[in-house]
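Starting from the given sequences, assemble the full structure and let the hints guide the process.
Numbering (numbering that gives the first Met the number 0), first residue to last: 0 to 368.
Calculated from the structure, these hints are not laboratory results.
No incorrect hints appear here.
Here are the computed distance ranges between Cβ atoms for each label pair:
#1 A56 - G104: 17 to 25 Å
#2 T67 - N99: 23 to 31 Å
#3 S94 - D334: 42 to 50 Å
Don't be surprised by glycine CBs; every beta carbon is placed ideally from N, CA and C.
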Amino acid sequence: MTIKAFNYSVAVISAAIMFTVGCKSDDTTTPTYNVPTTYTFTNVDSLSAKASLSMIAQIEIAMNLGNTKGNIVSSAKLKSMFANQGSFFTDTAFSGNTLNLNTSGIQLKSNTISTAQLLIENVMDSIAAASATGNTAANGVAGVSDRKTLLSANGIYWRQYFTKTIMGVLIGHQITDAYLGDSLNSNISITAKQHAWDQAFYMWGVPSNFPANRTGVKYWGSYTSQIDSGIAKPVVSMTGINANPTLMGAFLKGRAALANNDIATAQAQAAIIIPFFEKMEAAAALHELNEAKGNLPNGAAAVCGNLSESLGFWTALKYNAHKKISDADYQAVLDLYGTNFYNITPAGIDAILNKISTLYGWDSVKANL
Numbered sequence: 000m001t002i003k004a005f006n007y008s009v010a011v012i013s014a015a016i017m018f019t020v021g022c023k024s025d026d027t028t029t030p031t032y033n034v035p036t037t038y039t040f041t042n043v044d045s046l047s048a049k050a051s052l053s054m055i056a057q058i059e060i061a062m063n064l065g066n067t068k069g070n071i072v073s074s075a076k077l078k079s080m081f082a083n084q085g086s087f088f089t090d091t092a093f094s095g096n097t098l099n100l101n102t103s104g105i106q107l108k109s110n111t112i113s114t115a116q117l118l119i120e121n122v123m124d125s126i127a128a129a130s131a132t133g134n135t136a137a138n139g140v141a142g143v144s145d146r147k148t149l150l151s152a153n154g155i156y157w158r159q160y161f162t163k164t165i166m167g168v169l170i171g172h173q174i175t176d177a178y179l180g181d182s183l184n185s186n187i188s189i190t191a192k193q194h195a196w197d198q199a200f201y202m203w204g205v206p207s208n209f210p211a212n213r214t215g216v217k218y219w220g221s222y223t224s225q226i227d228s229g230i231a232k233p234v235v236s237m238t239g240i241n242a243n244p245t246l247m248g249a250f251l252k253g254r255a256a257l258a259n260n261d262i263a264t265a266q267a268q269a270a271i272i273i274p275f276f277e278k279m280e281a282a283a284a285l286h287e288l289n290e291a292k293g294n295l296p297n298g299a300a301a302v303c304g305n306l307s308e309s310l311g312f313w314t315a316l317k318y319n320a321h322k323k324i325s326d327a328d329y330q331a332v333l334d335l336y337g338t339n340f341y342n343i344t345p346a347g348i349d350a351i352l353n354k355i356s357t358l359y360g361w362d363s364v365k366a367n368l
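See the structure below:
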């Protein structure tokens, strides 16, 4: 998805916020400390998160080979990359240091929520099968579209579906369940908790001085900006769900708390971030439906691409252990996507969009997401 520029006030996290915890009734003074406006702390560890995002990106590159007719994608290779077996990754430089991803000990599969691992591998099989046909994509025929995208017979752009699903079942899962859940609430050292918090922040896919600097944002770092700024670009003020200030403020406040051994405040900030991922997944699904509507004049392949992204986000929401939406409501939305994107109508897109908007109370902003 192309990242679109917009004017964004960062007043919500402006100039060194002083966070003060008052005295308790027993006169025990709790910490007083500064919360910085950028993610700048003395012992930040971001390597594992950045390596994981690099691995995802390299799998995407391998999948994208199938977007050219005649290129056959190997599902065995994709699955080996997912499990970090076979030395298929290219060394990656982070902050001047080169990391051998193949020997890093990081494995995307084990970091993916267990109940979604087979789904991801099935997507890899589907990409390989579609690439092997050598066909031109059409309704009922898997192949490469006129937009150079590899589509299934029913119009799913599997690579985009993979990316959007993995943003939930791997990236979101690691942030909410592993780093801000298990690690923060365990008996590990305060330094280990700080480093887990760092991994959660950098898994978001943003730089330390975000959102003032949006260079190189990826995955959720891209989408939190898109669902804040809306479809009409540029905009002067946010018209979405305020994801960027919500997340950045909580990440900064929580990490500053950990730097001062204030676990309670860090846990309170984690309690802001964790449930927000449901909103992000739903808003991103809705965002892509708006994009699909805008692409209707551009042909079926363009619309199929947006619908595949939307479905990927909605699929990710299924595996979100913290979602509040009921299973019945979730399924009601899923059913509206239908079984063939080639056959969806403008009214059908609106039906999905309106159902999500109603469930989350976004009718006043749904056109801007």
